[in-house]
Structures are given as structure tokens and as C-alpha cells.
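These are the residues of each chain, in order.
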Amino acid sequence: MSQIEQTWADAPGLKGWLSTMDHKRVGVRFVVTTLVFFALAGLLAAVMRLQLARADNHLVGPDLYNQLFSVHGTAMMFLFAVPVMEAVALYLIPLMVGTRAVAFPRLNAYGYWLFLFGGVMLFVVFALNIGPEAGWFNYVPLSGPEFSAGKRSDFWAQLITFTEVSALIGAIVIITTAFKMRAPGMTLARMPLFVWAMVVTAFMIVFAMPSVMLASTFLITDRLISTQFYNPAEGGDVLLWQHLFWFFGHPEVYIIFVPALGMISEILPTFARRRVVGYAAMVIALVAIAFLSFGLWVHHMFTTGLPPLGMSFFTAASIMIALPTGLQIFCWIATLATGKRVQFATPLLFVIGFFFIFIIGGLTGVMLGATTLDSQLHDSYFVVAHLHYVLIGGAVFPLFGGFYYWFPKLTGRMLSERAGRWNFWLFFIGFNVAFFPMHILGLQGMPRRVYTYSAASGWENLNLLSTVGAVTIAVSMLVFLVNVVVSMRRRERAPDNPWNASGLEWATSCPPPAYNFMAIPVVNSRTPLWEKEFPVAEVTGLPEILRTTLVTRLHDAEPDHVAILPSPSIWPFLAALATTVMFIGSVFTPWAMVWGAVPVAITLIGWFWPDKEETARMLSIEVKPPEGEARVEALREVLS
Amino acid sequence: MNHEVLAPAGPLSSQIAQLFWIFVGVAAVVYLVVIGFLVAALRRRNEANARTAVRAVSVAVGITSVILLGLGLSDFFAQRVIAATPKDPLRVRVTAHQWWWEIEYSDGQPSRRVRTANELRIPTQRPVELELTADDVIHSFWVPSLQGKKDLLPGYTTRLDLVASRPGVYEGQCAEFCGFQHAHMSIDVIALDPEEYSRWYDAQLASAPEPSDPVALHGREVFMGSTCVMCHNIQGTDASGSVGPDLTHVAGRRRLAAGTLPNTLVNLAGWIRDPQAVKPGTRMPATQLSGEDLAALTTYLSELR
Amino acid sequence: MFSRFPELAAVLLAVAGVAGCEREQRRFSEPAGDSLTITTPLSDIKAGGPAQVAAGQSQAATGESPYDENAFAISEGQRLYEWFNCSGCHAHGGGAMGPALMDDQWLYGGAPDQIYSTIVQGRPNGMPSFGARIPRQQVWQLVAYVRSLSGQLRKDVEPGRPDAMQMRPAPSQTLEPRNPGSTR
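Protein chains in written order, with the numbering used here: chain P, 1 to 640; chain Y, 1 to 305; chain Z, 1 to 184.
To be clear, the hints were calculated from the coordinates, so they are not data collected in a lab.
Misleading hints may appear alongside valid ones.
Stated by the list, open to error - Label pairs and their calculated CB-CB ranges:
| no. | chain 1 | residue 1 | chain 2 | residue 2 | range |
| --- | --- | --- | --- | --- | --- |
| 1 | P | VAL475 | Z | SER29 | 35 to 41 Å |
| 2 | Y | ARG80 | P | VAL206 | 57 to 63 Å |
| 3 | P | VAL485 | Y | ARG80 | 55 to 61 Å |
| 4 | Y | ALA50 | P | THR615 | 53 to 59 Å |
Claimed, not checked - Residues from chain P that keep clear of chain Z, each with C-beta distances beyond 10 Å, as calculated:
| no. | residue |
| --- | --- |
| 5 | VAL433 |
| 6 | VAL485 |
| 7 | LEU546 |
| 8 | ALA563 |
| 9 | PRO610 |
If you're wondering where the values come from, they're calculated on a predicted model, not measured in any experiment.
By construction, the Cβ of each residue, glycine as well, lies at the ideal position given by its N, Cα and C atoms.
Extracted from the complex, chain P is given alone in its bound form:
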């Protein structure tokens, strides 16, 4: 083993697995974990659809049904949609920007473990009949102390705590890595669009998450220690919850959607075989979407009796956000039109599926953004249809395209094209059969979150059709699972750049070594692998007895200094365990925050405690600044 391989290797066995700092290993397990939650939440949806397939059905009673749709929504939004995008980003960004690791490897690992424990908590409490029961947005007073007995609502609020801390950690890691660790020469104007999308997303997370943190904290304190935030009789306000939640909740759906836009901007140009049309416009569109998304939240509250003039502003903003989104779509179509003859493969199929599905969702979104129409459509199955069209069409389809696209990079094997096509068509057809009828059901007066309906309502046939579609989706997911399992066992390995793409991540082997790049490349183009010569230059001289990488300047990626990254450590895992105990304890007593902080403090001390051997190595590679005559010489050289 070479020196660099030794330095970047993980310990073998369970200890190595628990203490790894490799962003790729953490990223893969992060993705797999979110997919497990996706599957579980999908199973819950399947049970819901079976209950709704017939009128006056008795498969599931109201109490269980309420938990089903609440856990389905909560798990999909907080345990799948946002984390999977962050996980893919944490895997890809260092590779795409040409560096060895993420900026804060230990924090990154801690964020994953915290997420895992929070997600496991949610499903464990659901199995124990303590699952949240008031919907994924948990409105007060229904979720408050008087109307939600027991600990169900408290566990929901603590899940928020887990996932929002984990998301904030991911955001910090993404921003710092993308801003400060790019390969020399990769100015902001040469940064891949997926990295731009993730930076924008990370900023949205930083500004949006505190709002839901506040809302859920007020709920916890109302329930646990008798504060009055949501109690109108004592000066509180039930609408406070809605404002605080949706100020987070609306950016949340763009936090889910914008990364997918970034994925499309990576996949589509590869298959169009030319760089994307209108790079600057695309970046500006991403930033515009992020800004605008913070000005839309009241469109979730159009029926609460707010003043009409005020609501008009939110209608205007809700309609306006279609513009930057549309701009991205037009630029992609232009890219396809102006490239060489399009090569078709499964990743592109999923991207095309995005166009067909998401655009419908976007258009129904414009309808829902109009106050007048929303007064009829809000809280009906029309909204259920819309939200699935934009989330599945707008995020899950590109995500699956990304899976098929980057699977060879992650695993060294290609996914089967044939199975991929089956996966795609079953998913596409099943999705439309499941969710298009819901538009009509909403127009026929069917409200959301009903565990049953009467035969006299006339809703049965479309509900049955929708259930058939849901089952088809489940089958398509099975096909995907089989595809993954079988492909992992192939003997044939994938080439380094199977799609002939242009990004830096394709310059490594499949899968990449622990240190990503043997030598950090210098880039001078937005599409480095499509240039005549790659790399134009390389960075040499980085010490290899420690984990080091180059930190560059924000705007022009000029080299700044050498960063020493932390070595593998079990402490992030232990800190996450301690934090979990603290959070779960505080469901039952406020003293858990006090006494639970002690183990957390202990693990943090272990985390930051310097390692003797590592310190010795750091000292050995330090170069003292010159003294005396040599110092004058060195200064003269620098200043000339």
C-alpha cells in the first residue's frame, strides 16, 4: 500500500465501520438509510390506498389511519426527501469540486448518526402505537396538550429536532466544502450546476430550519411545561403555528426540489452531448427560486380568513416562482435541441419523465397559488395530486435518474438497462394512474385525510383506480431493488466514465479510492473532461503522512492553505448516541436537557481531544518561517 492509501484507510471490521470519516462511505450508508425509510413510508401509503380502495372499508380504523398518513408524510418529508438529497450531495460534491474530503468529516458523520437514530425512533414509536397522529404538519390545537393525549405529538416534535439538526449540519458541511475546497482554477463560474444547486439548497436550509425548530419547541413547551404559545384563551394564537411552520414548510419543498434541478443539469447535458445552454441564467434562476420560496408560505393559509389584499401578494409570489423554474426547463430543452444526436439511456428516461410529470404539477401549483381557486381546492385530494406530481415528478424521478447515472461511480457496476426501462415505465404509468384521478376526486369534493368515505359520495371508482396505480408503483420499486441487488453481483466492472460525461467526479476510478484523487487536478473549464487535455496541471507537495487537502479561495479558487483533516474517530457516533438519549428523555421530562447534556459534553471532549501521534506528525511537517537573512530574502521574493 502506498503512503496515501495507508493514511486514508479505515480500520477493519466494526470499529472501522463505525468510525469512518470517508464522506463516500458515510454518503452511501446515508443514501441507503433514506431509501429504507422511503420503502417503509411507501408501505404505509400502500396500506392507506388499500383502505381507501372501497367505500366504508374496515381494513383500518380511524386511529391507525391517522397515524399512517402522519408517519407517511413525516417520514417522506423529513427522513427521505431532504436527507437523500443531502446524502447524494455529501457523496458527490468533494468529487465534483476536486478535493479529498468534506470540510468537517467528523461533524458530517455525527449528522448521519443523529439522523439514523431519529428515523429509527420514529418507526419504533409508530410500532408502539405512539406514532404522530395529526398529520405531517401537526396543526395546533389538534396536536396540542388538550387534544392529543399521550406522547405522540411530542415524539413528532422531537423527530423534527433530530432531522433539523442533521439537516443543518449537512448544510454547513456542503457550503463550506463547496466554497473553500474547490480544485484550483474552479472559479464560481466553473462550478458544476449540481454544486450550485446544493449550495443554494444549503442556504435555504440554514434560513428555514430555525423556523420549524421554533414552532416545534413552542409545541414541546406548551405540552410539557404549560407555556401558552398556541392557547388563544391566554393570549396565544393557533395561527402562530401555521405561520412558523409554513415559513419553513414552503422553502422545505424547494429544498427538496432544487437539488433535483441540479441533478438534471448534470445528467441532461451528458446525454445531449453538449454543455448546458445558459449557465449564468441557470445559476440566477436557482438563486431566484431560493429567494422567492421564502415569500410564498401564506399560500398554505389562504382559507384562514387573512385579509385579501395581503393574500394577493402571496398569490403574486406563488405565480412568479413559475418563471425561474420555467427558465430552467426552457434552457434544458434548448440544450437538448442544440446538442449532438441525443443518446438514450435510463438516466435520461427518468429526466424525461420529470418533464412530463413535473410540468403538470407546476401548472396545478399555479392554480393552487390563485386565492380564488385555492378556496375550492385547498385541503382536497387536488392538493394531494399536486404535491405528489411536484415531489415525485420533480424530485424522485430526477433522483432515480441520478441513481442510474451515478451507480457505476458508487459501486463500480452498471445497473441493467433492461430492468431500468421496466423500472421507469412501471413507475411512470403507475404514478399517473395513482395520482391523476386524485385531481378529479378533489374537484368532486373529496377532502384530505379521510379514513373512509360513503358509497353515496361517488368517489369509489376513482379511488379503486388510484389504488391499482399505487400497487404498480410498489412493483416498480421491487424491480429497482432487484436491479440493484443483481447488478451489485456482476463480475463485469464499469469503466471510469461510462457515460462520457464532463464532470470531475468521472476522473476517478469506479468506485473512487478513499482519497478521491491521487493528485488534485487544476481545471480551467466548466467541462474539464471534455477539454482536449485533462488535467491541465496537478497539485503536488501535499503531505501524505496526514490526511491533507488544499483549501482555496472562495471566488477564484486560488490556493490558500493546506488543511489537515481529522482522522477516523468513534466519538461522533457516541456523541450522536448521547444526544439521542438527551432528546428522547426530554419527551418525558425537561430535566433530561440538563442531565442529558453531561454525556454529550463528555463525548464532545473525547471528540476534540488531540491525539498524541497525530500531533507528532503535524509537528513533523510544519515548516518554520525563515529567520534573519533568509527571512528578508523570502519577503523580497514574495513581494516581487
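Please arrange chains Y and Z on chain P, whose structure you already have, making use of the hints.
For chains Y and Z alone, coordinates are given in the frame of chain P:
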């Protein structure tokens, strides 16, 4: 169906339906055009000119802006029409509970106020202004044939106007998740010709009729002596519970238990014997009554028109 | 006192976790009547005779309460307490015309079956008999709530504050019965 957004039965819902068709029409055209360009881009054999493509994108953005502006303005003006304050409306106060609707017709004279539950009868052609509030959690009043919905929030009073053009029964349902039986919280809005409405209203002002035969008389005794009086009110008797629906004219309603069951003798008896079997989680408990008592009670209640 | 908390919290957590199942059950209907109907022998208390205030009576729960560990039932009891106007005489636990329910002094016993009998049978000096008026299941829900008022139930099962004007601290926040006359 009498609960369809696109089968409006009043001027307000017609306005909304009209706007909906405009949006759908525009959306359909936009979708077909964009998909058309996509398919063309995927299938073409020659590279398109990059300059032309960029220009096309700019034109597309321009057209999109104009369309969005037009849609936004059409919504704005439609909203102004719908939100306009009606002249001389009939005022009704609706209070939502878990999982039924309390309705009180306002009137200058307190003696002319009618209290009922789960069924709102209104005269045709006259605007009805609903004052909405909730007693416990957030609910939402939605009768699609007549109007959009409005939430009922504890601590707030919201307003909603209804106008029915022609007589008929218009069903609606609670549209904000409110707990176990959100799915069974329907409301019937019955529009009547103005004279018929007046007749109905005057009949509602009357107290409950005296029982007509010994069975019904025994039924009233059962009512007064059992758990019923803890929650329910029957005008003209000693029963004045206020936490459950008013039963003074219960027999005249179309449905029972907030639209869960058609109002028949059999359903009424089944409901009283075990409400939890029909609507699990509902606030009304099962009451232990002998078969004879239950039959008498049902007979009495079925006479309360 | 602080030193008690870590152990208390740990025990609470363990118990609460395991007992989560019962706490979170929502029982909408109980099997008809029989298992919920009990008859406790009438006490020796007569009108005009001495009132028996046994300080230790509330310690031993002689009868079984089906809902002492069921948070949903206790919150139903909280609702029924207002709906059936118990607060008309007992205020929100502090007592007015009727005795306080928040303290540890029980005229007719604070065990579940004793409270049940008091509600169903009525008592001298103004406590009506609700036996014909309130179904058994709801009586037990009220029993559980009344016991929570005096801090006799586990903290994780007791209700939080109601969404109304605050008349007293929430049961889940009171560690001990709150009344100046308390002997504890």
C-alpha cells in the same frame, strides 16, 4: 353529485368554476407546447442553432411572464367579486365541534333565533353570511357546489358568504383534519324557495311537540331519565344540555351524526345503541337501554319535526 | 432533591417506554357494562354523624381502575369534567361548594373504586348521583382524571394544560397534591 366544484349552483361558485376553466385551458395549451418542443428536441437529427435556441428561450420567458401576469390578474379580479360584502345578508353563526356543526340563525330579536345542528337551510337567491368559529380544534366549512371553503379557528371569527341560485340539497364536508372522525363531519346545505324557507323557519321556532301516544311519552321519560340530558337540548322540555347537537327538530333532518347516516328509524336506533360502532371515537357514548326503552325513545325522537 | 431526579428520570423513562403501549391505547368502546360496573360497600358515614377523614386512605388503591395508565382516557375525563359541570361545585380542583379534588384529603376515599362509587351513588351534602346519567366508561374516565388532579398518577400519563384559561397548573406539572391543607 351535489358536491362538485365544477357543477356550481350559485353565482360565487360559478365565478370560481369559470376561473378554473380559464386556468385549465391555459395550462393545457402551455403543457402541450412545452412537451411538443421537448419531443422535437429529442427527436431531431440536426443540431439546432445555438443563437436561435437562446433567442427562443428569451421569447419563451417573455410569453410565460405575460401568461402568468394575466392569470394573476384574473384571479385578483375574481377575488374582488367574491369577497365583496353582500347587501342585507341572512346571518348565521356556525360553530364547529369535534365532529358536528352547531348552527344558530342570528336575529335582532333573541326569541326569533333558531338553533340547530348539521343541516343549514337557506333561502335561494339571498346572500347568507356565515360567521364561523370553532370550539376546540381547527375545522373547515366546505360546500363545493356553492362556495370555496373557509377555516373555523378557535379564538377567531371568520366569514363566508353563500348564495344558492336554485333550490336543492348541497352536501359539504369538513376540510381541515380535526381528529378521529374528520371523515364523518358532513354538512347539508338545503336551499329552499323563500316562502318555503319562511315556513320552515317558523316551524323551527316552535318548541318540541308533545308526544302523541303512550310509547312516545315513555320515550320522553327515557330521554329525561337517561344519559341524554347531560349533553342534548330539546326546546320545551327540561333537557337543556349544550355540549351536544340540539335535538328539538331532529326528525326533520336529512341525515344523522353529521351526515354519517341517512335519517331513518333503524339508523337512529342503531346510532343510539352504539355510536362507537358507526363513528368510532365520536363523543357520544353507548347507552345501556332495554329493547323496549330504545324503541320508545326512537319513536319519541322521530316525532320531533 | 436534585439528586433524586436522575434516578427518577431514568425510572420514568424505562417505565414509560415499556408502558407506552397502555398509555397510548385509544379505547373507544368497552365491552357492555359488566366489567366496568362495580359495587363498593357503602361506608359508615351517616348524615349528621362524624366525617371520617382518613389521611392514609388514598395510599392504597383497593379497586382496579381500568384507566390509570391510559392518557387518552384521562384527557377524556378532563373534557367530561368541564362538559358535565363538575367545575360548578369543585372548581378546577381547588374546590368551592364541593371539596377540593387536588389535595390528599378524601371524605369518601381516594381509591379508584371509592371515587367511582362517589360519582355513581352521590354523597350527602350535595354530590348528585350520576349513576343513571353517565355511562360507566365515562365514569371511569372521570375517576382517572380526578386521581390525576391530586397527583396520584404517573407524570407521563397525566394531561398537560387545557386550551382554555388557566385555572391551575397542569396535572403533569404538579409533583405533589397542591393544597395548603395537605399533610404531605
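Status of the hints after comparison with the structure:
1. With their beta carbons about 39 Å apart, P/VAL475 and Z/SER29 fall inside the hinted range of 35 to 41 Å.
2. For the pair Y/ARG80 and P/VAL206, the beta carbons lie near 39 Å from each other, so the given range of 57 to 63 Å is not met.
3. Under the hint 55 to 61 Å, the C-beta atoms of P/VAL485 and Y/ARG80, about 59 Å apart, fit the expected range.
4. A beta carbon spacing of about 56 Å between Y/ALA50 and P/THR615 agrees with the range 53 to 59 Å that was offered as a hint.
5. Residue placement check: P/VAL433 keeps its beta carbon more than 10 Å from all beta carbons of chain Z (closest about 35 Å).
6. Consistency note on P/VAL485: stated as away from chain Z, and its beta-carbon is indeed over 10 Å from all of that chain's, at 35 Å minimum.
7. At the 10 Å boundary, the C-beta of P/LEU546 stays outside the reach of chain Z, the nearest C-beta of that chain being 41 Å off.
8. At the 10 Å boundary, the C-beta of P/ALA563 stays outside the reach of chain Z, the nearest C-beta of that chain being 41 Å off.
9. P/PRO610, annotated as away from the interface, keeps every beta carbon of chain Z farther than 10 Å; the closest lies near 31 Å.
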